[in-house]
Structure formats: structure tokens, C-alpha cells
Amino acid sequence: MGEASGSYRQNLGGFVKVELGVIMSLLRNLATGLRSLFCKEQVSKELDEEVNGFLEMAAEEKMEQGMSRQDALRRVRWERGTLEVTKEVVRAGSWESWVETCWQDLYFGFRTLSKSPGFTFVAVVVLALGIGVNATIFNTANAALWRTLPVADPQSLVRLIPVRQDNHESEDLPVQLAGELRRTDTFSDVITSTDDGLSFSYKGGSAERVLGEVVSPNFFAFLGIQPELGEGFSAGVRKGEWAPEVVLSYRFWRRRFGGDPHVLGRTIRLNNYPFVIVGVSPRDFYSLRVGFDPELRMPQLPPGVSLSQSELLSSSYAEITARLKPGIGIVQAETATDAASQQLLHDDQYNQRRVNPICHVRLASGRRGSPGELAPYRTSLLVLVGLAGIVLLLTCFNLTSMLLARATSRRREFAVRAAIGAGRGRLVRQMFMESLLLAIAAGAAGLAIMSSTGNLIRSFLPQGHINVVLDLNPDLRSLWSALGATLLAGVLIGLLPAFEATRNNITLGLKSDSAASIGDARAAAFRKGLTIAQVALSLLLLTTAGLFERSVRNLEAEDPFPQPDRVLLFRMKPQRELYDGERIRVLAAEVVRRTSALPGVKAAALAEEGPYGSRGAMRGHMHTLDGRTADADMDIVSPALFTTLGIPLLNGRDFSVRDNEASKPVMIVDETFARRLFADDNPIGKLVKTSVHDTDVAFEIIGVVRASRYYDLHQSPPPMVFLNLQQVGPYMPTLHVRVASANPETVVSEVRHEFDLIDRGVPIFDVRTLRDRALDNLAQQRLVGDLTAALGALALGLVAIGLYGLMAFSVARRTREIGIRVALGAERRQIMSLVTGEGMRIVLTGVAFGLPASFVVAHLIAAMLYGLHPNDPFSFATVTFVLGVVTLLACYLPARRATRVDPLVALRYE
Amino acid sequence: MPDRSSDLVQGTLDMLILKTLGLEPMHGYGISIRIEQMSQGVFRVNAGSLFLAIQRLERAGLIKGEWRDTENRRRAKYYALTEPGRKRLNRETREWGRQVAAIARILEAS
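Those protein sequence lines, which keep their order, are chains A and B.
The opening position of the first sequence corresponds to residue 1209 in our numbering, with each subsequent residue numbered one higher.
The opening position of the second sequence corresponds to residue 105 in our numbering, with each subsequent residue numbered one higher.
It should be emphasised that the hints constitute simulated quantities derived from the structure, not laboratory data.
Each hint should be verified, as a subset may be incorrect.
Simulated pairs of lysine-lysine, DSSO-like, Cα-Cα distance not exceeding 30 Å [to be verified]:
(1) B:123 / A:1411
(2) A:1253 / B:123
(3) A:1533 / B:123
(4) B:168 / A:1253
(5) A:1253 / A:1270
(6) A:1248 / B:181
(7) A:1872 / A:1894
(8) B:123 / A:1295
(9) B:168 / B:191
(10) A:1295 / A:1248
(11) A:1253 / B:181
(12) A:1897 / A:1872
(13) A:1295 / A:1270
(14) B:123 / A:1270
(15) A:1533 / A:1447
(16) B:181 / B:191
(17) B:181 / B:168
(18) B:181 / B:123
(19) A:1253 / A:1295
(20) B:168 / A:1295
(21) A:1736 / A:1323
(22) B:123 / B:168
(23) B:123 / B:191
(24) B:181 / A:1270
Quick caveat, the model's predicted, so the values are computed rather than measured.
With the hints as constraints, model all of the structure from the sequences given.
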């Protein structure tokens, strides 16, 4: 006991003394118990000797009074108890014997289960599906929403969130603010990070587009992460002497360099400028933004210095993350930050010129990083977690029902065991161990399911401009939740059968006429109830799935472009640092000209964003000369885009090669925009002003196209305008190519070849069809819709199994009754309807409970539905019909068996 | 099997064992004989209850066992009161006296 415990004792006075005594005696108890567990022989021998001695001494005394030894021993045994009973009593009084019998029960359960491998297999598979589905979905939601960053002391991290004048939150703040904040005594340190696409090349190979993050030099030290290779940026860079260094991400290092351990010191080129590899970031670190994993990181240039090859390196705006000093609260820090940022935001030219300047800075916990690309999926994921929970409940019901049936048929076994002295508690515990064993096996299988289906979500997430990557290696939270689900399942499925199997007295169980026993009827009633609950829950899942699927269908039907699988998209990134305004226009025109001339190509055009927006939607504020205004979506396109996509031109003309930098600025609008601003007037020739690169320009309207859901399939078409790519320079345009045949593979390689002929330094990436991008636009709906449909199918299967099992059992139980009915002249059809009628009553009851619940859930998810009312009669009718057909089938097989009952055999049965 | 110790108030057996051992260290049979003698045959303890109680007391650290030879040259485990055991005995004796007096007052009140 050192000083610490001394002062502790002083503080708490006598209390601690008592506590210590209790702890000491607990420890002694534990030690003695462990000794008797592990030195069983020795301890048993000692007890033997002691008790024997006791009995001998008692006998000797009797013998002194003149009894024969035999009589004396008999008398002592009668008066004081026998050796064996005494030992049993003493042993049962200790905790270690409890452990020991538990172990026996576990072993016994294992043997019982291995004796019926068929049942065990089905039970484990059913439960594993329930646990696996839960673990998978929870792990995904956890990775997307709740996971803590794998950095040192994540609790002290805060994110700085700029708030715009209209109260909207954005991300980037002036980089200088980081310096200001380092000088306050609120934060122990501050980092900045900002990212963009870069053209990467290595040893003279073709350019590849990667995402690079430019970070402040203290980035790795700030986060306290141990890199896989190297030490982060060099000491010089950390001191402020910039050098062209990069730290690769773990995954980029594995993919592009094959995990080569000698990669440090090699030179790569980014936008043609040489950088030296100084490190590889740790495997579990992705970035401070959920779903984002930039291929490499470079140090930010010091203020006032720039590199012509990359504007990103001297970017004046970035995301800021800070670390609170110990003892400083987030509210206090926010006040300090806001005060430090006011002057800076006011003086910042760029900020003040903005339509909607930043005027405040809000602080949020940075423990999980910023929600990033996964933020829109929050609701979808939560709904899925909930639905997966329902599936788990359903599998538990299903299994409870199976175990009840098993318990009923084992009642005689339990009665025999009770008759030879097993207490009810022991029997219940034994049953319980069995269900726990089942749950543990299923939990292990469930984890296997989780790790094999882990990347399921990836196929739903849009993979375009940024590859959305989630760290799906289960963390502690995921593992605990899987373990929790397993134990919960073990308890849920074990309770009812354990008590049911052991509740009846011995005589009832031993009676030969078990068919009449009351216990059976009770168990059957329980199973009926459980099946009804299963029907209700599966109806709930199925209707949800139906509503979601129909929403997706409705949205897909809105696709405004004919044959979208015949439109190929090639994203290109001519680095602005390498291609100035004039060169990029020439490049654009050349790309379109060459591609259009390829065989098999019907039309080709460029668009800055293109349908569904490669990065998002561009928006602008439009006003006419006489003061009418409208906000409109906009895109910057080349001639022939409308032909390529299949958007009809209603009035006027398309852009042409004659519209160029020298001629007057022109604009094409859609009919919604035309109606909004000009009502019934002819819009052709009208002037509309909007700001381009921070200057107001007047555009003349030369054409009107059909309104379409250009950027978003979820919204009815908003006003839309198109500007000319030759007049408003492109940045990262997408080449759209409409091909004649449905086999676009050859065209893809031909187009790539043309690009190589023009310039090998222009990276081409994200090659896909317009249909793929439309699907990306529906990612959230598809994620929920498809996964819910899978859950619904699983639920339907479980209900079918459950109902089949119940009806088969019921037919077996009623064999004699059916035999009598047949003997009295009942026809096949009557027997058939007797059984199916029983099954269908269960289904109808389940539906009666399930439908109202489904309506409630449908209204809860109403915001996630498109083009249909939550009470959509079609969805509800279809789903109920499908459920009816499947359950009828599940009843049909047992019913057919019932009709084959031979009255002679049945009446002799048992 | 007559087990008159079950007539004992719950927990009193522990107290009686402590009391017996308070006089001198003793083996199991000695304890049971002493209890029988002192109660003038009212309490007879069977082996199961006795050794269960001894196990409990030993694990709680109130008594301590040691193998020794008896006067009849037989090996037996002798139990002695530990310091915490002596304190517990004193406390329980006081408490018991208080309770008995109180119960007696209640019973004699009518």
C-alpha cells in the first residue's frame, strides 16, 4: 500500500477499511474456489478425510458405549448423514460448483445438439441470417455515421464550420484563420486541409487522375498517427521550409506501388511537377471526412508563395480542424473563434465579393470527422438499421417456435430427468445452455456473413468525382453490438421453451397419452402466437420494401433521356495550370470534332456538369433588363449536346461553332425558364444577365429546349439555362458520346486512343454510361429499396418455414383426429381445407395486426417515397397477395400429407 | 435423518461455531459435540450443515483450519478463530442479546 492508498483511506475514513475487508474476503473466496476447481482431486481428498474423521469419531464414541462397530456406523450415518451426501452438500454450497455444473450443462447441450444435426443446422442458419444481416447493416451504419476517428485523443478535436449570411453552413475558411487561432490560448494546435483532383504520373506512364489533399505541415503530428512508412513530412517542412513532399495513402500505396516498402525517396509527378515520396499514412486512417480517402497528401505552401503547376498548394481557403486545450469547453472556444475570425472575414476580399459571404464560425465536435459524402445517407441507414432489427426479432420468433416444438417432443425426457432428481432450475438452465450454444454458433456465422457482405454498400454509393470509401473493418462498437445481438437472441429464444418444457409435473409428462396433454396445447398456442407475430412483422417489412421499390421505379421512369445506356461519359481534367483559357477551348473543340468522326458514334458533345451533375448542380441568379428575376440551374455545354442526350429543341437554334469568344454571348433556356420570365412572349432574342466569373454578362436567348429533370430525378424540372462552352471556359468537363449500337466497349477504347493522340497528359476518368449516372442519382433510394427488398424476401422465407413447421407439427399431432374424420367419411377436400383453414386463420390474424402497423410505418417513411401516397393501395394489395400465396403454399404440403392419412394406421398409432 | 440444526434460526449455526471456537481450537466433530453439550442436547448438527458452515466461515476469513493429530493419534483439521472472527463473534453476541431481550419483552407484554 503506497502513499496514494494512504491518503485515500484518510479521505474516506472507516468506510475504506470495511471495503478492504470485503474485498479481501472475496479474493480469498475466489482463490479457494479456483483451487478446488483446478486441484479437484486434492481438495476432494481433504474433504473426504475430514468428513470421514468426523464420522469415525462419532462412531467410536458410540462403540465406547458398547455398540458393535457396524451398528455404531449405521447409527452415525442415520444421525449425522453419510459421507457422500455430506460432501455433496458442502460442494453445492460453493460458487465453483455452480461454474462446474454450468460447464457440464454446456457440454451436455453440445452433445444433445450434435445428436440432431438437421435441426441444429437449420436453427443456426436461420439465426445466423438474422444476426448477420444486423451485424452487416449496423457495421455499415457505424462506419458511415458513428465511428470515431483513429487519431490521438479524438475527443478534443473540433471542426470549424463557416456559416453564410443566409444561415447555410459551408466548409472552407480562409487559411490565415488557422494562424490567428494558433495564437489564441484556446487551441493547442490547428490544421488546415483542402483537396482537389491532380494529374499523377510515375516513370513516364500515362497521366492518372488522383485526389490530393493539401494540408498544413503539422498535419500528421497534430493527429498523432503513426504512419505505415516514414514519419510524415520532413522536419524541415514541419518547421516551415516547404519542399515538394508527398505522403501516400495506404490504399494508393498498395494499389499503385504494390505495397513496395522501398517506395520512400522515389519521385512522382503531380501536374508534371516532381514530388518526393516521404511516407505512407497508416492503414486505418482515411481522412477527416467520412467516406473520403485521398490518394496522397502534400504540405501547403507558405503564404505568398505559389507554384504555377498547382494552385491547390497555395489555396487560400481550406477546411480547418483544431484541438482544444485541456479544460476548455466547446462553447467558450466558439466565442474565441468567432471573435478571432470577425475581422479576418470582414477584410477578406474574396469573401466580401461573394453573393453570400461567411459571417460566422460555428464549432462542432471533430471526434467523428465531418459527415462528408455519407451525410445524405443518414436517414436511409437509420431506417435500414431499424428494419434489420425487425428481421432479427423475426428470426428469434421463428427459432423460439422451432425450439418449442422440440421442447414439446422432449417433455418425456425432462420428466424422466426430473424423476431421478434434477431440479427445475437445473433443467431450465440446461435448455438455456442449448439455446445459448445455438446463438453463439449463429453469432460466429453471422460475423462471417458480415465480413463477406461488408462491401455490399459500395455497389450503391456513387463512385464518380470522389470515390466513396468506408473503413468497414468492424470496430469495437460493431463487435459489441454483434455480441449483444447474439446474447439477446440466445436469451429470447431460450426463455419460453425452457419454461414450457419443464413447467409440467412429472406424472403428466410420463403419461403415455401425450397427445392429450395440456402442455402440448399450451405450447401449440404459443407457437401460433409466434407465427402470427412473424406474419405481421414480415408484412411490415414487405410493404416497406414494396413502397421503396415502387418509389425507385417511379423515379427511374422520370429519366428524361432516351436509351441512356447508349450514352458514354468520359470525364476529363485538363489542368488549369497547364491549359490556359485559349488552349483549353481548342482542346475541347478538337476532342468533340475527333470523337464525332469515329465510326459507331452518332453524336458527341461536352458539358461542364452534364445530366445529374458530375459534381453537383450549378446554380445562378438571372435577371432581365426590365428587372424580372429568377434563380435557375445552369450548365455550360458545347454544340450538339441536346442531340447527343436527346433533349428536343422546341424553338430557335442550337449553339454552333460560330458562337465563340469573339461573338455575342448566347444562351439556350428550357421551357420552364421561358414561361417563368417571359410568360407567353417569344423568348428568342431577349437578353438575360447573370454573373460569370464574378462579372455580370448579358446573354441573348437563341433557343428553347424541352424541360427535363436534368440534375435531379427527384424534383420536377426547375428553370434551366445553358451557356456556351466556347464562351464560358470549361474546367473539368465531361465528354458525352451517343453510340449507335448497344456494345460501347470498342468505342471506349477508340475514344481513349483519340485522347492519347491529342495529349497524353489529359487524364480521362470516371468512364461510364448515362444510365449508370442516373442510377447514382438514385443511390439512396436504391440502397434502401434493394436492401429492404432483400430483408423482405428473407422475412417471407422465414415465415414460410415457420408456418410450414407449425402446420406439419399440427398435422402430426392431429393424426388420430384426422383418421377418425376420414373413417367417418370426410373427403379429401374437407381434410385439406381443415388444415389450410387453420393455417390461413393464422395468416389472416397476422395480416390483421400487420396491416395497421404497416400503415403507421408507411407514414413515418412518407418523406422517402416518390410519386406515391404512403397508403398506396397497389403496393399494399400486391404485398398482401404475395404473402398470401407463399403462406398458402407453406400450408399446402402439410395439408396434402393430412389427406393421405390412412384411418387404420392412424387409429393404431401410439 | 434427524437434522435438528434446521430448527436453528437462520445464521445462528455460524455464530455457535464461532462461539465454540472462541474457547479453544477444535476439529469438526469436537465442534458438534460441544454444541450438543452446551445446548444440553437440544441442537444436534449433522455433518452436511456443519461442514458447509465451516467452509463458509473459512472462506470469509473468520476461522482458519490446520491439520493436526488428535489425542487418539488420528489426523484431523483443527479450526481456530481469527482476529476478524473474534470481532464478528463479539458483535453478533451483542446483537443477539439485544434481539433476544427485545423479543422476550414483546412476548411477555401481553
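Consistency of the hints with the structure:
Of the supplied pair hints, the one linking residue 123 of chain B and residue 1411 of chain A is violated, its CA atoms being roughly 92 Å apart against a limit of 30 Å. Taking the CA atoms of residue 1253 of chain A and residue 123 of chain B, the gap is near 28 Å; set against the 30 Å cutoff, the hint holds. A C-alpha spacing of about 63 Å is found between residue 1533 of chain A and residue 123 of chain B, which places the hinted pair above 30 Å, so the restraint is violated. Pair hint residue 168 of chain B plus residue 1253 of chain A holds up; C-alpha atoms about 19 Å apart against a cutoff of 30 Å.
With a CA separation close to 26 Å, the supplied pair residue 1253 of chain A and residue 1270 of chain A stays within the 30 Å bound. A C-alpha spacing of about 19 Å is found between residue 1248 of chain A and residue 181 of chain B, which places the hinted pair at or below 30 Å, so the restraint holds. Only pairs whose Cα atoms come within 30 Å are accepted, and residue 1872 of chain A paired with residue 1894 of chain A is accepted, the gap being roughly 13 Å. Note on residue 123 of chain B and residue 1295 of chain A: the hinted pairing holds, with a Cα-Cα distance of about 24 Å set against a maximum of 30 Å.
Simply put, residue 168 of chain B and residue 191 of chain B have alpha-carbon atoms about 14 Å apart, close enough for the 30 Å limit, and the pair holds. In summary, the hint linking residue 1295 of chain A to residue 1248 of chain A is supported, as the alpha carbons are separated by about 13 Å, within the 30 Å threshold. Between residue 1253 of chain A and residue 181 of chain B, the direct Cα distance comes to roughly 13 Å. Compliance with the 30 Å bound is thereby established for this hinted pair. A hinted pair counts as satisfied when its Cα atoms are at most 30 Å apart, and residue 1897 of chain A with residue 1872 of chain A qualifies at roughly 13 Å.
Simply put, residue 1295 of chain A and residue 1270 of chain A have alpha-carbon atoms about 23 Å apart, close enough for the 30 Å limit, and the pair holds. Distance restraint check for residue 123 of chain B and residue 1270 of chain A: the Cα-Cα separation of roughly 26 Å lies within the 30 Å cut-off, and the hinted pair is therefore satisfied. With a C-alpha separation of about 22 Å, the suggested pairing of residue 1533 of chain A with residue 1447 of chain A holds against the 30 Å cut-off. For the proposed pair residue 181 of chain B and residue 191 of chain B, the alpha carbon gap of about 23 Å is at most 30 Å, so the pair holds.
Proposed proximity of residue 181 of chain B and residue 168 of chain B is supported: the alpha carbons are some 10 Å apart, at most 30 Å. With a C-alpha separation of about 18 Å, the suggested pair residue 181 of chain B and residue 123 of chain B falls inside the 30 Å cut-off, and the hint holds. With a C-alpha separation of about 11 Å, the suggested pair residue 1253 of chain A and residue 1295 of chain A falls inside the 30 Å cut-off, and the hint holds. Proposed proximity of residue 168 of chain B and residue 1295 of chain A is supported: the alpha carbons are some 20 Å apart, at most 30 Å.
Pair hint residue 1736 of chain A plus residue 1323 of chain A holds up; C-alpha atoms about 27 Å apart against a cutoff of 30 Å. Taking the CA atoms of residue 123 of chain B and residue 168 of chain B, the gap is about 14 Å. The hint holds against a cut of 30 Å. Of the supplied pair hints, the one linking residue 123 of chain B and residue 191 of chain B holds, its CA atoms being roughly 11 Å apart against a limit of 30 Å. Proximity of residue 181 of chain B to residue 1270 of chain A is assessed by CA-CA distance (about 21 Å); at most 30 Å being required, the pair is judged to hold.
Violated hints, in rising order: 1 and 3; the structure is consistent with all others.
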